[in-house]
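Protein chains in written order, with the working numbering: chain A, -14 to 348; chain B, 30 to 557.
Simulated from the structure, these hints should not be mistaken for lab results. Bear in mind the structure is a predicted one, so any value in this text is a computation, not a measurement. Built from N, CA and C at the ideal position, the CB exists for glycine as well. Fair warning: there could be bad hints in the mix.
Think about it this way: if two alpha-carbon atoms lie no more than 20 angstroms apart in a straight line, the pair counts; the simulated DMTMM-like pairs of lysine to aspartate or glutamate are [stated by the list, open to error]:
{"hint": "1", "chain 1": "A", "residue 1": "K107", "chain 2": "A", "residue 2": "E159"}
{"hint": "2", "chain 1": "B", "residue 1": "K475", "chain 2": "A", "residue 2": "E83"}
{"hint": "3", "chain 1": "B", "residue 1": "K475", "chain 2": "A", "residue 2": "D91"}
{"hint": "4", "chain 1": "B", "residue 1": "K373", "chain 2": "A", "residue 2": "E40"}
{"hint": "5", "chain 1": "B", "residue 1": "K475", "chain 2": "A", "residue 2": "E115"}
{"hint": "6", "chain 1": "B", "residue 1": "K452", "chain 2": "A", "residue 2": "D73"}
Looking from chain A toward chain B, a few residues come up when the C-beta cut is under 8 angstroms (computed) [unchecked claim]:
{"hint": "7", "residue": "A36"}
{"hint": "8", "residue": "G37"}
{"hint": "9", "residue": "F38"}
{"hint": "10", "residue": "P62"}
{"hint": "11", "residue": "Q63"}
{"hint": "12", "residue": "V67"}
{"hint": "13", "residue": "M69"}
{"hint": "14", "residue": "A75"}
{"hint": "15", "residue": "F77"}
{"hint": "16", "residue": "P78"}
{"hint": "17", "residue": "F88"}
{"hint": "18", "residue": "G89"}
{"hint": "19", "residue": "R134"}
{"hint": "20", "residue": "P305"}
{"hint": "21", "residue": "F309"}
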Amino acid sequence: MTNILNINDLTVNLQGKTILSDVQLTLSEGDILGLVGPSGCGKTTLLNTIAGFIEQEQGQIVIANILTITPENIIAPQHRNVGMIFQDYALFPHLTVEQNICFGIDKLVKAEQQSRLNKLVKLLELTNLEQRFPHQLSGGQQQRVAIARALAPQPKLLLLDEPFSNIDARLRNELMRSMRHLLKSLNITAIFVTHNKDEVFTFADKISVMHQGSILQTGTPASVCQQPINWQVADFLQLGSWIPLKVQSSRVYQTALGEMPFLETMLEKRENNAQENQIQQLLLKPHYIEVCPTSAANVQIDHIAMTEQGYHYLCSSLTPNTEFSFEQLSYYSNELYSLGQQMALIVKTHNFVIFNKPAHVNS
Amino acid sequence: MVLTLIFPLLVLIIEGISASTDLFSYLWQTVLPDYISNTLILGVFVVILAILFGVISAALIVHSNIAGKAALRWLLMLPLAMPAYLVAYLYTDLFDYAGPVQRTLRLWFNWQSPNDYWFFDIRTLGGASIIIALVLFPYVYMLAKTAFELQDQNLLKASRLLGLSAKQSFFKVALPLARPAIAVAASLVLMETLADFATVQYFAVNTLTTAIYDTWLGYSDLATANALASVLMFFILLTVVTEQRARAGQAHQSNRVNKTQQIIVLSNIAQIFASGFCWLLAIAGFILPFTLLLLMAWEYSTLEQFFALIPSATNSITLAFWAAGLSVVFALIFTLFKRLGTDKRRYLPLQISSFGYAIPGTVLAMAMMSTLAPIDYMINDLAKFLGFSPPGLILSGSIFAVIFAYIVRFAAIANGTIDSGIKQIPRSIDFAPASLGANLPIMLTKIHLPLLKPSIWVAWLLVFIEAMKELPAVLLLRPFNFETLSTQIYQLISDEMLEQGALGAIFIVLLGLLPIIWLNRDKNNTSQ
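Based on the provided sequences and hints, a complete structural model is requested.
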């Protein structure tokens, strides 16, 4: 498969501040990439730099193995053959649906324009809406016009800036599915920005997690969730709660929830094999926790909420102010406990994911 | 290009600073203290009256159950369309010794001479203040009304829940919140008052503007006129700075549209006073003078007079047409540069070119004169040197100077209108064309200009109307024997013969109504 996008060491400064530093990214033909990260991490800047609205300080962007964009060779947006779907769609309000769609292809001969228009109108179910103006369309229809308009010049790469954020939650899933189907059937490479990880699972083949101007990890959504590369990735994707732990004499893990045998085979991931007696953090998914009625209590329930997965409890350790104490450990159960109740939780045997996360830092 | 627009002002300021101290000390010993005190007293009186008229009427319209609200809401804006000098003339006509009011009173009470009774004299500083305040208070009314309407209604609800009555809430919450808006309006009123020329001239009240006019046209003393202009300019700058300060604190408005206002219920007696007050303002500021004008036109106008007005009307329209067109072109260049440029200081041209709105026509005229006349001399010298016959005063003595002055003075109107139009266009629209392969010229001609068409049209119209009404700058800058509608009407007023120009005056008032109607229509649209 050919590479559609190759980004090497990309650095962007805006108003004296480094917004993107040393970004690396490669996309093959037909890949759909979801770009996630906390607000202000540089997602939209990366999109705008690829599109050509922001100039890079350093590094290289290669589009479709043809265009090589460097700080010395900046190519104007209109010559990059990159399409974009804007968060607010940016439909031209004074042009009809048909004029909007044909805006980027008006240099082609009329017959070709007409045939592309017809195809897109049919594909995006815009039949009979061609002569309407954007304000006469519903939100979903406007989005489909924006897609048609971006696809008309047949771009190599399609960029989508939070395309689903303005859409009603119930419609969103349906739209994401149909749009994914469309992009796949046309074999279009796409990058879409979101801060909602659920959208990535529905829509994308790959996920890139950004943090403070860099891409931390890129991979399939499943692999990133199973093997986050560092605690920021795990934290942003909210893969579980954190509890402090320490390895003692290479034999046992010590935690506030008791001791566990230390087995190399049980380690999915342990960051830079820490020394003896150093506190690290264990990423703990709710389903790896269970109640042990026979043991002495080690946590207290601070908060109870009702969810579809049963009762959701947030617990804190009963030993406050020690190196092992923790707060806000998530645990789900169908059984109803009472607020302030003390109980014993234990960690089920599973493949541990351990990071050197600073104890009380949130991303 | 921007520098060209403000260059004359720089020349004026430099000449003002470098004017000989002898001249200033001479002026100071003779007339200047009088001029300055008259100007300041006039300014203070007008501002106080305009705030009283404007804030009270706005508060009643927004916060009380005053009767006839729907009509008053509109009528209270209309005085803005009346040029103050017209009202001054019409009221003098009405209230003078020989006017119908005093005649009738004499008839009723059988008075024989002015010694038998007291009647107020309108041709005084106080009279001028009242007349000017009557036509300028709508600024305060409109801005205060908007401020009251856009205030977060939850603040008033909160104050009610905390135990205050509707009336107390108004005084303790709504009014203090509207203070920045009122301050901005007051500074606009002050600027217009300082710039007023024809009213005070007609009432023979000596202010800085009349002094500039007299020293230049009466005594051809350019240096003194320039010195006076720079004194006036100093007061204007002071006002502008104060206004900017006031604007900086204006962050009290909410976008939450909330129709359920906490209405103050007026007692029957209060209702009578309140309605009386508002109707009096509307009648005195617009209805009465306009009716007088209509009656005058009906009684005296002939077809001959109508035809006599056509040449000057044509001149007015030609000037206004060019001024409006060029202002819009400049405004488009500046606003598009600000929006699409990459330069760090891309907003500067727009800002600098908008500064001219504060400058009185008389000051601007002096600035034009001191800048363009030397250039003309240079051109003539150059022509002689090259062996051509000297072309004469092609810049300072032609309509070029007038149009230039108009553009400087009204650039702010065009800039403001087009800039607010461009702000309505989402930022993403700037990016979308390039992502579809279109370059800058295509983007401008196919997207931005078509989208801006309504703003361009409105900006053009607003500048056109203002240019039709402008008087002092034309009076000083026009070529010999060149009359516009407003200079002709002013001339007729000076000669106490407005009857012959009544039709033209009606035309000017009607033109002035257009932007008010437009502004109001726009408000209705946005509140829906």
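Taking the hints in turn, this is what the structure says about them:
Taken as a hint, the K107 of chain A and E159 of chain A pair is honoured in the structure, with Cα atoms around 18 angstroms apart against an allowance of 20 angstroms. For the hint linking K475 of chain B to E83 of chain A, the alpha-carbon distance of about 15 angstroms falls within 20 angstroms, and the restraint holds. With a C-alpha separation of about 12 angstroms, the suggested pair K475 of chain B and D91 of chain A falls inside the 20 angstroms cut-off, and the hint holds. With a C-alpha separation of about 15 angstroms, the suggested pair K373 of chain B and E40 of chain A falls inside the 20 angstroms cut-off, and the hint holds.
The straight-line distance between the Cα atoms of K475 of chain B and E115 of chain A is roughly 19 angstroms, inside the 20 angstroms bound, and the hint therefore holds. For the proposed pair K452 of chain B and D73 of chain A, the alpha carbon gap of about 15 angstroms is at most 20 angstroms, so the pair holds. Because the smallest distance between the Cβ of A36 of chain A and any Cβ of chain B comes to about 6 angstroms, under 8 angstroms, the interface hint for this residue holds. The interface hint given for G37 of chain A is met, as the beta carbon of that residue sits about 7 angstroms from the closest beta carbon of chain B, less than 8 angstroms.
The restraint placing F38 of chain A at the interface with chain B holds, with a minimum CB-CB distance near 5 angstroms, inside the 8 angstroms limit. With a least beta-carbon distance of about 4 angstroms to chain B, the hint placing P62 of chain A at the interface is held under the 8 angstroms criterion. Proximity of Q63 of chain A to chain B holds as hinted, the smallest CB-CB distance being about 5 angstroms (cut-off 8 angstroms). Using the Cβ-Cβ criterion of 8 angstroms, the hint placing V67 of chain A at the interface with chain B is satisfied: the shortest such distance is roughly 7 angstroms.
Here the hint on M69 of chain A is kept, as its CB sits about 4 angstroms from the closest CB of chain B, short of 8 angstroms. Interface hint at A75 of chain A: satisfied, since its Cβ lies 4 angstroms from the closest Cβ of chain B, which is below the 8 angstroms cut-off. Against a cut-off of 8 angstroms between C-beta atoms, the interface hint on F77 of chain A holds, since the closest Cβ of chain B lies about 6 angstroms away. Below 8 angstroms, beta-carbon pairs count as interface contacts, and P78 of chain A has one with chain B at about 7 angstroms; its hint therefore holds.
Hint status for F88 of chain A relative to chain B: holds, with the closest Cβ pair at about 5 angstroms, below 8 angstroms. A least Cβ separation of about 3 angstroms between G89 of chain A and chain B falls short of the 8 angstroms threshold, and the interface hint therefore holds. Residue-level restraint check for R134 of chain A holds (minimum Cβ-Cβ distance to chain B is 7 angstroms; threshold 8 angstroms). Below 8 angstroms, beta-carbon pairs count as interface contacts, and P305 of chain A has none with chain B, the closest being about 40 angstroms; its hint is therefore violated.
Taking 8 angstroms as the C-beta cut-off, the interface hint given for F309 of chain A is violated, the closest approach to chain B being about 47 angstroms.
Hint compliance for this structure: hints 20, 21 are broken, all remaining hints hold.
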